[in-house]
Structures are given as C-alpha cells and as structure tokens.
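Required output: the full structure, derived from the provided sequences and hints.
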Amino acid sequence: MNEWHVPELAIRGYLGGTTDQVESCSIEAHLTSCAACRESLAAHGNAETLETSWLAIVDELDAPPLTWLERVLVKLGVSPATARLVAATRSLRLAWMLSVAAAIAVSVVSSRAVGDDPAFFLFAAPLVPLLAIAAAFGPMVEPTYEITIAAPFDKVRLLALRATIVLGSALATLTVGAVALRSLGPAEVTWLLPALALVAIGLYLMTWMPGVRAALITGVGWCLVVVLTTEHQRLGAIADGCAIFQPAGQLAAALMAVVALVVALRRRGSFDLPGLS
Amino acid sequence: MLGAVADDDRAALRELYERHQPWLVARLRRRCSDPGIVAETVQDTFVAVWRGASSFEGRGDVGAWVWGIAVRRLLGRLRKHTWPVTVAPSHAAPERAEGVVARSAEEQVLLGVEHGDLAGALRRLSPELRAVVQATVLDGLTTKEAGRLLGIPAGTVKTRMMRARVELRGALT
Amino acid sequence: MTAHTVEVHGVRHRFGATIALDGIDLDIGPGITGVLGPNGAGKTTLLRHIATTLAPSEGRLRLLGHDPATVAGRLHVRRRLGYLPQEPGYHRNFTAFEFVDYVAILKELTDRRTRHDEVRRVLGLVGLGDAGRKRIGALSGGMRRRVGIAQALLAYPELIVLDEPTAGLDPEQRLRFREVLTGSAAVGATVLLSTHQTDDVAALCQRVVVVLGGVVRFDGTPVDLAGLAAGRVWVASERDPSARISWVTGTGEVRHVGDPPVGATLVPATIEDGYLQLTGAVAAGQTA
Chain X
1 MNEWHVPELA
11 IRGYLGGTTD
21 QVESCSIEAH
31 LTSCAACRES
41 LAAHGNAETL
51 ETSWLAIVDE
61 LDAPPLTWLE
71 RVLVKLGVSP
81 ATARLVAATR
91 SLRLAWMLSV
101 AAAIAVSVVS
111 SRAVGDDPAF
121 FLFAAPLVPL
131 LAIAAAFGPM
141 VEPTYEITIA
151 APFDKVRLLA
161 LRATIVLGSA
171 LATLTVGAVA
181 LRSLGPAEVT
191 WLLPALALVA
201 IGLYLMTWMP
211 GVRAALITGV
221 GWCLVVVLTT
231 EHQRLGAIAD
241 GCAIFQPAGQ
251 LAAALMAVVA
261 LVVALRRRGS
271 FDLPGLS
Chain P
1001 MLGAVADDDR
1011 AALRELYERH
1021 QPWLVARLRR
1031 RCSDPGIVAE
1041 TVQDTFVAVW
1051 RGASSFEGRG
1061 DVGAWVWGIA
1071 VRRLLGRLRK
1081 HTWPVTVAPS
1091 HAAPERAEGV
1101 VARSAEEQVL
1111 LGVEHGDLAG
1121 ALRRLSPELR
1131 AVVQATVLDG
1141 LTTKEAGRLL
1151 GIPAGTVKTR
1161 MMRARVELRG
1171 ALT
Chain L
2001 MTAHTVEVHG
2011 VRHRFGATIA
2021 LDGIDLDIGP
2031 GITGVLGPNG
2041 AGKTTLLRHI
2051 ATTLAPSEGR
2061 LRLLGHDPAT
2071 VAGRLHVRRR
2081 LGYLPQEPGY
2091 HRNFTAFEFV
2101 DYVAILKELT
2111 DRRTRHDEVR
2121 RVLGLVGLGD
2131 AGRKRIGALS
2141 GGMRRRVGIA
2151 QALLAYPELI
2161 VLDEPTAGLD
2171 PEQRLRFREV
2181 LTGSAAVGAT
2191 VLLSTHQTDD
2201 VAALCQRVVV
2211 VLGGVVRFDG
2221 TPVDLAGLAA
2231 GRVWVASERD
2241 PSARISWVTG
2251 TGEVRHVGDP
2261 PVGATLVPAT
2271 IEDGYLQLTG
2281 AVAAGQTA
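Residue numbers (the working numbering), protein chains in the order written: chain X, 1 to 277; chain P, 1001 to 1173; chain L, 2001 to 2288.
For the record, the hints were derived by calculation from the structure and aren't laboratory data.
Each residue gets a CB set at the ideal place from its N, CA and C atoms; glycine is no exception.
Heads up, some of the hints might be wrong.
[Said to hold, decoys possible] Straight-line alpha carbon distances no greater than 25 angstroms define the calculated DMTMM-like cross-link-like pairs of lysine to aspartate or glutamate that follow:
no., chain 1, residue 1, chain 2, residue 2
1, L, LYS2134, X, ASP62
2, L, LYS2134, X, GLU60
3, L, LYS2134, P, GLU1015
4, L, LYS2134, P, ASP1044
5, X, LYS75, P, GLU1040
6, L, LYS2134, X, GLU70
7, X, LYS75, L, GLU2108
8, L, LYS2134, L, GLU2087
9, X, LYS75, P, ASP1044
10, P, LYS1144, P, ASP1044
11, L, LYS2134, X, ASP59
12, L, LYS2134, L, ASP2170
13, P, LYS1144, P, GLU1040
14, P, LYS1158, P, GLU1145
15, L, LYS2134, P, ASP1009
16, P, LYS1158, P, GLU1128
17, P, LYS1144, P, ASP1034
18, L, LYS2134, L, GLU2172
19, P, LYS1144, P, GLU1128
20, L, LYS2134, L, ASP2117
21, L, LYS2134, L, ASP2111
22, P, LYS1144, P, ASP1061
23, X, LYS75, X, ASP59
24, X, LYS75, X, ASP62
25, X, LYS75, L, ASP2111
26, X, LYS75, X, ASP154
[Said to hold, decoys possible] The following label-pair restraints were derived from C-beta to C-beta distances:
no., chain 1, residue 1, chain 2, residue 2, range
27, P, SER1126, X, GLY16, 20 to 28 angstroms
28, L, ASN2039, P, ARG1051, 44 to 52 angstroms
29, P, PRO1153, X, SER79, 37 to 45 angstroms
Right, here's the structure in full:
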C-alpha cells in the first residue's frame, strides 16, 4: 500500500485547491492511511496556526467541567465566572442539599399532624431559611474563607448570590410541599414574615460572629419567643394561640425584619472584614 | 500512541496532533470554506480524541478514526451555524479504507477496485452522484449524515447511492 | 522619602483576653522580608493584618499607599495582593487547576482564556504544571502547599504575604520556591513571609523581623541576626550547663550558645544561633 505516494506537486495542488475533485478524493483516501504522505503534507503547514490551535485545545482540556447548578445559572444569565464562584463548590452544594432536605422534612412532618393542625409547620418553617443563609457562606462553612476575604471580589455579593440559590430552593420546596401535602390555609402565609425577620436578624448577627453561631442563637431565640407568646394551655395550637401569627404579631415581625435588615446593611463592611467594629 | 493518550499523556496527544492536524485542516477546508469553523472543528476533534482515546478499537487506521470524529464534529458545527458549505462534489475510490465505517458488501466492491479504473468511472458520474459517493464511502458518513452535509433528504442520498452503484458497476465490468 | 509599601503603626490586637500583638511598628519596602518567631508569638496575626483579613484593635496600617480600614482602601490593596494563609483550606473536590482558577475568579480575572493562561503560568511556576488535573484531596501535603503558593502568585501581585510557605516542601521544592520569590522581588514586589526555617531567611531575605510575645524584638539583616550570637557559639564534646542553649548536632558534638567558658572552641554564628540567642528558647534536648 505504501509503495505509491502522493507526488509533491499533487500535494501542493490539493492544498491550493487546484486538484480536481476526483484527484482530491484519491489523495484524501490515500492520506487516511499513509503516514508518510501526511508528513509531507504537514511540511507545508503553518507552525503558528498549529501552535495557536494547540493552545486552544489545551485550554479546553484544562477547563473545569460545568456542574449542573452552574449550567442552570448560566442559562439564567449569570456570567460563567460568577456561576463557578457561586455554585461549583462542594460546600455550596452541601448547603443547598441541607436546606432542601430540611424543607422536605418540615413539609412531610407537618403533613402528618393530627387534624391538619399547622402548628409544627408554623414553628419549624421559618427556621429553614435561617438555616439556608447560615449554610451559604461563612468561616465555618467555606473552607477557603481566609483567601476569599483577602480577594477583591465583593463578599456581600457572594453571600447574596449563594443565599439566593439556597434560600430560593428551600422556599420553593416549602411552597411545593405545602401545596402538595397539606390543605391550604392562612398558615401558608403567616410564617413568611417571621421567617423574613429571622433571616434579617440572623444576617445582622452574622456581622458579629460566624454564620452557624448566628443562626443557632437566632433559632433558640425563635423557640423562646414562640413559647412565650403562646397561651400556655394551647401550645399545641400555635396558629390560633400564638400572638406571632395574629395581625399584631405579624406587624411586629415585619418591623423586626425591617429594623434588622437596616442595621445589618449598615454593618455590611464586616462581611468584607470580619471583626470590624 | 493512542494508548498513551488514553493514559492521560499530553505529550502523546501533542504528537498525535502534530501528525494529524495539517491534513485534517486541509481536508476539512474542502468541505467547509469558513476557516474559523474548520479551526474550531479541529480543536473539538482533538478534545474528543483526548476524552475518547480509550474507545479506539485498535483496528484500522488512526487516521480514519480521527477523520470519523472530525467529519461528525464538522456536521455538528454546521448544524449550529448553518453556514454555506462548499462541498467538493467528486470522488475517487479509497485504496483501502477499512475501519472508516462498516460497509455493505456492495460498497466493498467499490473499494476493491483498482485505483485508476475507478477514478475513470467516477469521472463519468454526475456531480450529485459523486458527492453522495464521497460523503458515504470516503467520508464514512451514514445516509442520514450525508444528507445533512449535502443538504438533501436521506432518501435522496439512498436513491443516488443506488444509482451510483449501478453506474459504477456498469463502468467497471 | 523612602517608598514603604507596608506601614504598621502601633498595632495591637486582642482576641478576647489574649493579647496577640502588643504594639507593632514596622515599615517595609520592596524586597523579601522574613518574619521569624515561635508558634503563638503573633506572626500569623501580624501577617493577617497585612493581608487585610483582620482589623487591629488599636493602631493603623497603610498598605501600598491605601488605608485598609476603609472599604475602598481594602479593595485597592486586595487587587494587588497575593496571600497564602497559614491554613488556606482547600475545596478538596476541586482539581489543583480548578482551585487556582476559582481563586483567580475571586481575584476578578473574569475572561476565561486569560484566566486559564494565568492559572497555567502560576502552576508552572511552582512545578505543578502536570499535576493540575489531580484532585486536591489526592495531593500530598507539600503539593497542596505549592498549590497555595501558586494562587498567591496570581496576577503578579505587588504585595505578597506568605504564612509559612515552605512548611512541608522538600529541599528541591524549597529551592524552586526561593527562585520564584526572588523573581517576584526582582520586579519590585514586596514579599513578606513567615517561617520556622532559618535557612530560608538566610537564602532569601534582605531583612528579617523577629516577633516575640506580640512585639518586634529584632529588625535587621540576616547577617545582623547572626551577629547577635557572634563570639557566643562554641562546640564541645560534653554538654556545658553554663550555656544558654545547647543541643547535640548530627556529628555527636554539642553546640552551645551563651557565654563561652575559657578555652572553648568558638565557631562562626549562624542565623539560627542568633535567633536562639534572642529567643532564649529551652534547650532542644537530644534532638539534633
């Protein structure tokens, strides 16, 4: 097979596009199996193009594969670099899974309550978003926290982006769970303002301490408030018995949320430099 | 060498690249006039070679295997861009092309014939028939893929291929 | 006026009741400065202030002409800063390439191709060009340290802060590391590194700062540091209890630092001798 080789002139013609179609096909068929002719063709090549193209290949090989969450974000219009920062880490995926799992657990447990009593749901659901933001970013959940702080990327933005993903999925799960597993009532709405207040207070505390600790303190505080504002004999019936889920309590929760958000925003510099007083 | 590529050896990929990039570019240029698409196709091809080196079965030519990847990548790119394509509508027979793709017994007939005679026979084929022979026999495309490359329905590819076979057999016997 | 890139004025830092830094004053210019000191002396706390990840309880800093106490000042500094923390923490599921790429995004290198080229460059600098595809979790401690050094070199920082960069590196890698740092310093960067390795200081640093108990106890050239022990180092076959510090060397002799007795065989002092003389550390016992 390799006794015959494509003559130099024919190779030049082929590269220059002057060989006719039948000749070209002949040459191509031969090139497919003849290393020597491939080599003589390569001698006409451009070293620079060869190199540029090679670097592009290397870059493609090095490029980290997109995780599915990144792909979703890029589809939603987030820049690929930001999507990587926000969604590629295992810690974020862990936070995401944790809060969605918590949301499912709360939905399922409260759906089994006797007589469709929303007490457990009202008590537990506001804790899920709190867990979500605590798990999204902070010294105890982000392994490269120290490097992240020393980098120019806006930490408030990073926290906001990550919290949005985690919080958004948790809220969606809670909503779907409520619709699918329970009959709808006012309880489906009244937990939202307390939840917002807890998130805001948690965020404020995060300007002073690691997120996990901030969430713990806020969560314990929430338990105390629920117990204290519920008439003693009606602990099982939070929806009717707890002041938080009555109009006045809702208003108070809304106010708390606004105040906590304002003070948290005023201290947002501490996300940029922890321990800043 | 493909074994080394399969073992994550980048130097081996580089060597493979140096050997095959020039002719791949030349050959792709005859099927697509846009140098940008050709460059991207070649890059795609070697990335695919890197990731799929272990799937090379070890029989047949590496060249044919690489071409099989390249021509399909080109098709994929063309579908994305819908650029005008220049198909050199012609063809002569491959002296040897096992490993390009599984062939029917009739196609084997085509491949077994002497180079010179077949070239003559091919020259007598009409350009449309030659294009079909080129796409299926030489480029190793399926009827469907050939149809996409040439911009004609798969059914037309089939009927033209049948006509081409009849004409070729007539010319060669 | 001298161009000081790092100015530390009266910096104190308290962690609760513990005083980590007790009034530090330092002016540092371009070149390589080593920070020596025992564990817990305040080295890491000092470096964290200079790397803008900690705000001082008292005092102020000026870095690359900016005030890190302000948001804008910090941003300016961080854009020109490379920092290897003592415990950087790694995303273990990332490959070395992915990890450095991730940090590069944090450093605002948004264009993919430019960023990838830069990542390849820094991985190449620390000799990890080929190991870029390995998962961090599968790398040895020394290799992981090199990944940490690589990310600190991204985008040619003007201020490089490295907290124990040579921990876990083998001798060959340390030589390579020294070359890389010398290269960075040669183009005008200010490099600060803390270490326990006095030979790193001897080979690399134009200047050495010894931190003890949260204050600067020595600030000068490595030669000056060695000079502290000049005429106070001797070897003998027996341990001399009058020495401040003594230890058995690899050759079986006992090396002493302190006031030499009459007739002792004096030997030239090294940086380590000077450092030990300064710290008055407890005898290293039988360990060579």
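Hint-by-hint comparison with the structure:
Of the pairs offered as hints, the one joining L/LYS2134 and X/ASP62 holds, with about 11 angstroms between alpha carbons and a cut-off of 25 angstroms not exceeded. A C-alpha spacing of about 16 angstroms is found between L/LYS2134 and X/GLU60, which places the hinted pair at or below 25 angstroms, so the restraint holds. At roughly 23 angstroms between alpha-carbon atoms, L/LYS2134 and P/GLU1015 fall within 25 angstroms of each other, so this suggested pair holds. Straight-line distance between C-alpha atoms of L/LYS2134 and P/ASP1044 comes to about 23 angstroms, which keeps the hinted pair within the 25 angstroms bound.
For the given pair, X/LYS75 sits about 23 angstroms from P/GLU1040 by alpha-carbon distance, which is consistent with the 25 angstroms threshold. A threshold of 25 angstroms between alpha carbons decides the hint, and for L/LYS2134 with X/GLU70 the separation of about 21 angstroms falls inside it, so the pair holds. This hinted pair checks out: X/LYS75 and L/GLU2108 have alpha carbons roughly 21 angstroms apart, not beyond 25 angstroms. Distance check on the hinted pair: L/LYS2134 and L/GLU2087 sit about 20 angstroms apart at the alpha-carbon level, within 25 angstroms; holds.
Pair hint X/LYS75 plus P/ASP1044 holds up; C-alpha atoms about 22 angstroms apart against a cutoff of 25 angstroms. Between P/LYS1144 and P/ASP1044 the CA atoms are separated by roughly 22 angstroms; this keeps the pair inside 25 angstroms, and the hint holds. About 16 angstroms separates the Cα atoms of L/LYS2134 and X/ASP59, which keeps this hinted pair within 25 angstroms; it holds. Using a Cα cut-off of 25 angstroms, the hinted pair L/LYS2134 and L/ASP2170 holds, with the two alpha carbons roughly 19 angstroms apart.
For a cut-off of 25 angstroms, the pair hint linking P/LYS1144 to P/GLU1040 stands: about 23 angstroms separates their Cα positions. Between P/LYS1158 and P/GLU1145 the CA atoms are separated by roughly 12 angstroms; this keeps the pair inside 25 angstroms, and the hint holds. Taking the CA atoms of L/LYS2134 and P/ASP1009, the gap is near 13 angstroms; set against the 25 angstroms cutoff, the hint holds. At roughly 12 angstroms between alpha-carbon atoms, P/LYS1158 and P/GLU1128 fall within 25 angstroms of each other, so this suggested pair holds.
Between P/LYS1144 and P/ASP1034 the CA atoms are separated by roughly 23 angstroms; this keeps the pair inside 25 angstroms, and the hint holds. Among the hinted pairs, L/LYS2134 with L/GLU2172 is consistent with the structure: their alpha-carbon atoms are about 21 angstroms apart, no more than 25 angstroms. For the proposed pair P/LYS1144 and P/GLU1128, the alpha carbon gap of about 16 angstroms is at most 25 angstroms, so the pair holds. In summary, the hint linking L/LYS2134 to L/ASP2117 is supported, as the alpha carbons are separated by about 18 angstroms, within the 25 angstroms threshold.
Between L/LYS2134 and L/ASP2111, the direct Cα distance comes to roughly 23 angstroms. Compliance with the 25 angstroms bound is thereby established for this hinted pair. Restraint check: the Cα-Cα separation between P/LYS1144 and P/ASP1061 comes to about 24 angstroms, which is no more than 25 angstroms; the hinted pair holds. Restraint check for X/LYS75 and X/ASP59: the C-alpha separation of about 22 angstroms stays at or below 25 angstroms, so the hint holds. Simply put, X/LYS75 and X/ASP62 have alpha-carbon atoms about 22 angstroms apart, close enough for the 25 angstroms limit, and the pair holds.
Restraint check: the Cα-Cα separation between X/LYS75 and L/ASP2111 comes to about 18 angstroms, which is no more than 25 angstroms; the hinted pair holds. Only pairs whose Cα atoms come within 25 angstroms are accepted, and X/LYS75 paired with X/ASP154 is accepted, the gap being roughly 23 angstroms. Range check, P/SER1126 to X/GLY16: about 26 angstroms between beta-carbon atoms, so the 20 to 28 angstroms window is met. Between L/ASN2039 and P/ARG1051 the Cβ separation comes to about 47 angstroms, which falls inside the hinted range of 44 to 52 angstroms.
One distance hint, 37 to 45 angstroms for the beta-carbon pair P/PRO1153 and X/SER79, holds here, with the actual separation near 41 angstroms.
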